[in-house]
Structures are given as structure tokens and as C-alpha cells.
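So the sequences go chain by chain: A and B.
Residues in the first sequence are numbered consecutively from 1, following the working numbering.
Residues in the second sequence are numbered consecutively from 1001, following the working numbering.
Bear in mind the hints are in silico, worked out from the structure with no lab data behind them.
Hints should not be assumed to be uniformly reliable.
Unchecked claim - Label pairs and their computed distance ranges (CB to CB):
(1) A:TYR28 with B:ILE1210: 31 to 39 Å
(2) A:LYS7 with B:ALA1026: 34 to 42 Å
(3) A:LEU34 with B:LEU1062: 25 to 33 Å
(4) A:ILE26 with B:LYS1029: 53 to 61 Å
(5) A:ASN9 with B:ARG1016: 18 to 26 Å
(6) A:LEU34 with B:MET1135: 18 to 26 Å
(7) B:ALA1346 with A:LYS7: 51 to 59 Å
(8) B:ALA1316 with A:ALA21: 39 to 47 Å
Claimed, not checked - Chain A residues, not near chain B, derived (Cβ > 10 Å throughout):
(9) LYS35
(10) ARG64
(11) THR67
(12) LYS68
(13) LEU90
(14) GLY101
(15) ASN133
(16) GLU137
The beta carbon of each residue, even a glycine, is placed where N, CA and C say it ideally should be.
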Amino acid sequence: MEVDKNKRNFLKYVLGGSLTALAAMIFYPIVEYLKPPKTKSAEVSSVKIGKVNEIPNDSSLMFRFGTKPGILVRTQNGEFRAFEATCTHLDCTVQFKQEMGVIWCACHNGKFDLHGRNISGPPPRPLTPYKVNIQGEDIFVSKI
Amino acid sequence: MKKNYWKRFYNWFDDRIQFEDIIQFAAKKYVPVHSHSIWYYFGGVTLFLFIIQVVTGILLLLYYKGSEDLAFESIQYIMTEVQFGWLIRSVHSWSANLMVLAAFIHMFSVYFTRAYRKPREITWVTGMLMLFLAMGFGFSGYLLPWNELAFFATKVGTDIAGVIPVIGKPMLEFLRGGEDVTGATLSRFFGFHVAVMPAIFTVLLGIHLILVQRQGMSEPIEYEDKPEKEKKSMPFFPNFLLRDLLFWLIVLNIVALLAVLFPWELGVKADPFASAPAGIKPEWYFMFMFQTLKYIPAHVLFFDGEVLGILLFSAAGLLWTLVPFWDRKTLRGEKTRFINYLGIFAIVYIILLTVLGYLE
Ligand code: FES
């Protein structure tokens, strides 16, 4: 009787163990498959986005920086500033509002000043700035 | 001669399947008649709208292309080149919205009549799961035309999922197929929308319908307590079935009218590098949650406003789904006002916040 019980337990463990191993073998690749691979093209360090004389004072330009949208603003006194255009609230893409002199997010009426600081609405953090480089006539934007 | 032919045809099948039981079952099936009988039809209406979704969905699949470069154009093609393509797409969109509406009505009517009580707990839970799935269908289907509004609504919607502590980030990447909403997101949503969710839905629907057949229609508590003689009822076949079909016909007409008079718009193609336009809105059945998030301050105690909102809604959804298990009073046969007040509060809240959302 004792032996039988041991035998049965042994079988139970072998069977249970193999079933667990089988399940792992099936589900591990599936779970891994569901994770999207990291995109390599995201590693952009600097992009050329236009020429100085193409952008008048008090206006803006949308550009792409790798996989992300960016926004370049030229202030009233001709200064260039660039930011990641992704709103820090829930990921919408911001725009320059000339009448209000702010960077505005249409999704929930979030506002940023022209330094990228969140000044009203739900955005919890300032916009991520880029560095703007002028070389001759060309405008370059790069990560800080 | 002809009759004979049919008879033999019938007998051949009857020999193998034994229709006897089914006919017996149908003949004995009765539907209670009382002042709340009208609500019995909304489950059937939801089912009918689901059937419309399956048919029009399959038709759309013949021309739709689920990729970033082609999705918008393929729907444009369906709407302008394919004969009656505009109609099929418009019906699909309208019927989807009406289906969610009908499902909500069905759910609330079951809730208020306490039809979820023993022995129908499983029917209720499968129904709630289908309601959540229907919203998932809506959310994923919304993105498929790849237009501007849907693109940003999806960004916001999935970003909200991403704020949940611990599981949020992996879930966001799983949903989006990467960090951002891109063509990869579209492929995934397409797969969820036409394969994964229909498969799960079909299983749930099967369980739900089999249970409804086996257990029969739930009787409201007041009706249940009446003496047997005073209970009115009608045979399911053909009386109730014909009324059901009449309802379906009415719904079909409503869908057709809406689809023809207010064709569903396509909007502007999404450009991932353009600014979000004003007027980004989720589908109406997400509006009350979306609007709530706007009123919660950015930080409450240790929580981010959004996190708190999501946790609250998840908890509410879970409690609602489990109502047959915690509503002890109804189980004991006692009257309980609390369930009514809670239900009325939920309805008023949903309507109020939805209206506020659209007024802004
Ligand atoms: S996403 Fe920009 S304010 Fe909400």
C-alpha cells in the first residue's frame, strides 16, 4: 500500500512537472512574441529642419525628429526654440498659437509658454526642449 | 408529390437529429407577461445589432487594408468606388453605436429587475464581459479608418492605460505595439477587432444564450410572488418570437434611416507629425469617464489624478459585475432600496458627465 502511494505521488509530480514545462514551452514564445521589438531607427541625434529666412518672426514649424514630432517656434524678437511636440499630459501633439503667444494642446486645453513651461491646464510637466543650432542659413535641432 | 418530398427530407434529418426534444422544448417555453415585459426585447435587439455587425464587418473586410499607408485610402475607396460601400460602412458604424446603447439598456433593465439573482449569476457576468468587449470593439474599431480624430483619441486612450502603476507601461506597449501610436498599433487593433475579440465574444455569447434558454426568462420579484393563477404569460413560440422579429424590423429601419440620412464621416487622414486639432473626443460611451478625468485634480494625496480616476472606474466596474454575489438581501428575498439608488446614481452620473463632455 505504502509503495503504491509513493508511486502514485511520483507519477503525479512527473506528470504535473511535464505539464507545467509544456505550458511554459508553449506560452513563453507567445508572450515574448507579443512584445514589440525596439525600433532601431529611433536613434537620431540631429536633424536639419529648414532655413532661417523661411521662418518669419512669431511663427512656428512642425518637424519630425526620429519617430517623434517636434515643434520649432521663432519668437517675436527672432529667437529660435525647439521642443518635443508631445504633450506631457496624455500624449497629444501640441501647436503654436500665435494669437495667445503660447504653445497649446487642443486635447484638453493645456498651455505652455514659449520656454516650454506648463502654465495652465492639465499638463503636469514642461515640454522636453531640443537644442537649436544655426549654421549659416541652416537650422539644426539636436538632443540636449 | 412535392409534400412527400419534403416529408422525406425532414424525416431523413429527424432520424439522425431527433427534433422531437427541441420541438417539445419550444412548445413548453413561456414568457412572463407583466408591466416590465418590454425590457425582455433589448437583449434580442442587442443580438440583432451584433449580427448586423458581423455581416457588415465581413463585407468591409473584403476591401479594407489594415496598414498605415492604405487604411484611410481603402475606406475612401469603399465609400466612393465600391457600390453601396458608403452604406455598408455607415451601417457598420451606426449599428455599432446602437449596439452599445442597446447593451447598456439591456444591462440596466436586468440590474433594476434584479434578474441577475440566483440562478442567473453566470448569465449576468457573461453579459457584463460582453458589454466590456463591445466597448473594446468600439475603441479598436474607431482607429481603423486611421483618421486624425481617431489617431489622437487612441493616443490619449492608450496613454491613460499607461499611467496605471506597474502594469501600465507593459500594457501600453502591448496595445500600441511599441512606444508610440504607429502603423504597428493599427495592425494590432485590426487583429483584436476582427479576430481576437470576435472569438472571445462568440464563446461568451454562446454561454449567455444557452443559459437564457435553459433557465427561461427571469421573472421580476413582484411577479414571482403572485399566486400562480394571476401570472400571465405568452408562449415563446410563436407569440414572443414574432414580437421579437417585429422589434428587429423596427431596429433595422432605424439603422437604415440613420445610415442613409447621416452617413458616417471619414474625416482627415491622420498625420503622426501634425498637431492635434481641436475637438478630439472619444466615442460617446467613453465620454463620462473621459470627462471625469478632467475634473480630478492633477494630484490627489499620493496619486496622480489619472491614476486615481482609472482605479476608481476599474473598481466600480468590478463591483458592478459582481453585484449578484454581494447583493445578499435580494438573495434572501428581502427588498433592497440601495440597489435602486445605486443604479439611479450610475445612470444620472453617466448622462450628466456625457452631456457636460459634449457641451464643452
Ligand atoms: S494631452 Fe495635452 S492637455 Fe491633455
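Here's how the hints hold up against the structure:
1. The supplied range of 31 to 39 Å is met by A:TYR28 and B:ILE1210, whose beta-carbon atoms lie about 35 Å from each other.
2. Taking the beta carbon of each, A:LYS7 and B:ALA1026 are about 54 Å apart, not inside 34 to 42 Å as hinted.
3. For A:LEU34 and B:LEU1062, the Cβ-Cβ distance of about 28 Å falls inside the hinted range of 25 to 33 Å, so the restraint holds.
4. In this structure, A:ILE26 and B:LYS1029 break the distance hint of 53 to 61 Å, their C-beta atoms being roughly 43 Å apart.
5. Roughly 47 Å separates the CB atoms of A:ASN9 and B:ARG1016, a value that falls outside the hinted 18 to 26 Å.
6. Between A:LEU34 and B:MET1135, the C-beta spacing of about 22 Å keeps the proposed range 18 to 26 Å intact.
7. Between B:ALA1346 and A:LYS7 the C-beta distance comes to about 58 Å, which sits within the given range of 51 to 59 Å.
8. For the pair B:ALA1316 and A:ALA21, the beta carbons lie near 40 Å from each other, so the given range of 39 to 47 Å is met.
9. Once the 10 Å rule is applied to beta carbons, A:LYS35 is inconsistent with being away from chain B; the minimum gap is 7 Å.
10. The beta carbon of A:ARG64 sits about 5 Å from the closest Cβ of chain B, which is not more than 10 Å, so the claim that it is off the interface is violated.
11. Its closest Cβ contact with chain B, about 6 Å, brings A:THR67 to no more than 10 Å, contrary to its assignment away from the interface.
12. Annotated as non-interface, A:LYS68 brings its C-beta within 10 Å of a C-beta of chain B; the closest such distance is 7 Å.
13. Taking the minimum C-beta to C-beta distance to chain B, about 4 Å, the non-interface status of A:LEU90 is violated against the 10 Å cut.
14. Interface exclusion of A:GLY101 from chain B stands, the closest Cβ pair being 16 Å apart, more than 10 Å.
15. Consistency note on A:ASN133: stated as away from chain B, and its beta-carbon is indeed over 10 Å from all of that chain's, at 21 Å minimum.
16. Its beta-carbon lying about 23 Å from the closest one in chain B, A:GLU137 satisfies the requirement of being farther than 10 Å from that chain.
Comparing the model with each earlier hint shows violations of hints 2, 4, 5, 9, 10, 11, 12 and 13; every other hint is respected.
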